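Novice: The residues making up each chain are set out below.
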Amino acid sequence: MAQVFHRSSNWLARFSIIAVIGVTGLLFSILLNINRIDYVSEVGVAIDQPVPFSHKHHVEAIGIDCRYCHTSVEESAFAGIPPVETCMTCHSLIWTEAPNLEPIRTAWRDEKPLQWNRVHDLPDFVYFRHNIHIAKGIGCTSCHGAINEMPLVWVENALNMEWCLDCHRNPEKHIRPRERVFDVHWTPPADQEAQGLQLVEEYDVRVSQLTDCSVCHL
Amino acid sequence: MTQIVRQSSRVTNRVIVTVVALATVLSAAGCDLRQRMYDQEKYEAHEATTFFKDGLTSRAPIEGTVARGGLRLDTHLYEGKVSGELATTLPPSIEFNRALLERGQQRYNIYCTPCHDRTGSGNGIVVQRGLKQPPSLHQDRLRNAAIGYYFDVITNGFGSMFSYASRIPVNDRWAVAAYIRALQFSQEAAYDELPAEDQRQLQ
Numbered sequence: 031m032a033q034v035f036h037r038s039s040n041w042l043a044r045f046s047i048i049a050v051i052g053v054t055g056l057l058f059s060i061l062l063n064i065n066r067i068d069y070v071s072e073v074g075v076a077i078d079q080p081v082p083f084s085h086k087h088h089v090e091a092i093g094i095d096c097r098y099c100h101t102s103v104e105e106s107a108f109a110g111i112p113p114v115e116t117c118m119t120c121h122s123l124i125w126t127e128a129p130n131l132e133p134i135r136t137a138w139r140d141e142k143p144l145q146w147n148r149v150h151d152l153p154d155f156v157y158f159r160h161n162i163h164i165a166k167g168i169g170c171t172s173c174h175g176a177i178n179e180m181p182l183v184w185v186e187n188a189l190n191m192e193w194c195l196d197c198h199r200n201p202e203k204h205i206r207p208r209e210r211v212f213d214v215h216w217t218p219p220a221d222q223e224a225q226g227l228q229l230v231e232e233y234d235v236r237v238s239q240l241t242d243c244s245v246c247h248l
Numbered sequence: 575m576t577q578i579v580r581q582s583s584r585v586t587n588r589v590i591v592t593v594v595a596l597a598t599v600l601s602a603a604g605c606d607l608r609q610r611m612y613d614q615e616k617y618e619a620h621e622a623t624t625f626f627k628d629g630l631t632s633r634a635p636i637e638g639t640v641a642r643g644g645l646r647l648d649t650h651l652y653e654g655k656v657s658g659e660l661a662t663t664l665p666p667s668i669e670f671n672r673a674l675l676e677r678g679q680q681r682y683n684i685y686c687t688p689c690h691d692r693t694g695s696g697n698g699i700v701v702q703r704g705l706k707q708p709p710s711l712h713q714d715r716l717r718n719a720a721i722g723y724y725f726d727v728i729t730n731g732f733g734s735m736f737s738y739a740s741r742i743p744v745n746d747r748w749a750v751a752a753y754i755r756a757l758q759f760s761q762e763a764a765y766d767e768l769p770a771e772d773q774r775q776l777q
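Protein chains in written order, with our numbering: chain A, 31 to 248; chain B, 575 to 777.
Hints are supplied without guarantee of correctness; some may be wrong.
To be verified - Below 30 Å or equal to it, Euclidean Cα-Cα: the simulated BS3-like pairs (lysine-lysine) are: (1) A:Lys203 / A:Lys86; (2) A:Lys142 / B:Lys655; (3) B:Lys706 / A:Lys142; (4) B:Lys616 / B:Lys627; (5) B:Lys655 / B:Lys706; (6) A:Lys86 / B:Lys706; (7) A:Lys166 / A:Lys203; (8) A:Lys86 / A:Lys142; (9) A:Lys142 / B:Lys616; (10) A:Lys166 / A:Lys86.
Said to hold, decoys possible - Now the stretches of chain A that chain B is said to cover, found in silico as 3 or more residues with beta-carbon under 8 Å: (11) 92-106; (12) 152-166.
Quick caveat, the hints were computed from the structure, so don't treat them as lab data.
The structure presented is a predicted model; accordingly, all values stated were derived computationally and were not measured.
By construction, the Cβ of each residue, glycine as well, lies at the ideal position given by its N, Cα and C atoms.
Whenever a hint applies, use it, and build me the whole structure from the sequences.
Specialist: Below is the structure:
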């Protein structure tokens with residue numbers, strides 16, 4: 031009887047073995063890298079808001095300090111999103127007719143909350159605190175990027191574990207003098223590593239413990 | 575008040591990509607569990623809710639109640655008034671020193687400079703953009719005002735200026751008031767009253 035498979039179909043058998051290994055490998059590497067794909071973490075995607083509030087306008091052009099609006103960033107885990115009252119301290123007096131600001135005025139008049147869309151959002155099993163980072167000389171822009179250039183806020187750094195750990199292992203690359211934490215124009219000096227190491231010591235940063243799982247996953 | 579609405583699309587995107595890559599490996603049940611770990615049944619600060627009628631998870635204390643340690647009988651400290659009159663001194667619990675002035679300067683620069691500018695002349699950047707000009711803090715009427723007056727203005731607002739009580743805690747309000755005094759002295763100081771060193775610098 032003639033053979034069912036011709037000799038030349040052997041390559042098919044070999045190919046399928048390689049293909050299975052290859053495809054499985056590919057799938058696994060996608061799985062491993064899934065958090066690094068920007069599409070997944072929505073890095074760089076400006077989030078629409080009910081009022082087109084612009085940090086570029088208010089921070090860069092007018093020069094308002096972050097704490098005028100994000101009042102609790104120094105003391106608590108949560109940075110604080112300003113109530114409409116904060117907007118009205120100025121906008122009850124200027125740009126009182128701007129159509130863009132109508133939702134703010136309506137919310138103020140009716141004493142209803144305004145719903146902002148969340149931009150940064152860690153999973154609920156990760157614990158993050160702003161106050162400790164501010165107290166130890168990590169500036170807003172080190173994590174949030176150039177917020178002063180954002181007409182609408184987007185996520186600058188994917189908030190994945192790798193990113194947190196990169197800094198927790200080597201905080202000297204990012205640490206800055208405390209009084210520059212809110213300075214959006216700070217850039218690392220040429221000898222950042224040397225100065226950083228000095229600050230790490232001065233501020234008593236507990237580098238050896240910062241990668242313990244329990245720091246972020248209580 | 576403010577509310578924050580969760581954006582579940584990030585997690586959804588992640589799940590979509592995961593599903594595409596591992597359609598045969600991950601079951602739908604696994605995805606659901608993962609999603610539930612990401613978005614647990616607890617509220618984060620300011621998160622919106624349907625549980626309360628007003629949609630707010632941050633609740634105000636029930637009217638007429640006082641939290642433990644929240645009793646504010648000391649009118650000097652909390653209202654800037656001594657037996658009904660504006661206080662002319664700092665409350666005893668606040669010590670006047672360099673740290674207080676530095677704190678006051680920092681808070682003044684955050685919360686007041688947009689309108690009153692760094693020197694207190696009332697020409698802040700927002701005024702340059704058309705906001706009503708506040709009076710200069712260096713006019714005689716304000717220079718002679720009691721320190722408690724500044725505490726009162728920050729706490730209750732004044733005319734079209736809003737209250738800053740929700741943003742500036744009590745101790746910081748006194749620090750700002752003390753700093754305004756220092757600002758006024760700095761503008762007022764006559765040349766011969768200056769320390770010799772400053773006189774030299776001016777020459």
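Novice: For every hint, state whether the structure bears it out.
Specialist: Against the structure, the hints:
1. A:Lys203 / A:Lys86: This hinted pair holds, its Cα atoms lying about 26 Å apart.
2. A:Lys142 / B:Lys655: 34 Å, violated
3. B:Lys706 / A:Lys142: Holds, at about 27 Å.
4. B:Lys616 / B:Lys627: 18 Å, holds
5. B:Lys655 / B:Lys706: 29 Å, holds
6. A:Lys86 / B:Lys706: 23 Å, holds
7. A:Lys166 / A:Lys203: 13 Å, holds
8. A:Lys86 / A:Lys142: 27 Å, holds
9. A:Lys142 / B:Lys616: Holds. A:Lys142 to B:Lys616 sits at ~23 Å (cutoff 30 Å).
10. A:Lys166 / A:Lys86: 26 Å, holds
11. 92-106: holds (count 7)
12. 152-166: holds (count 3)
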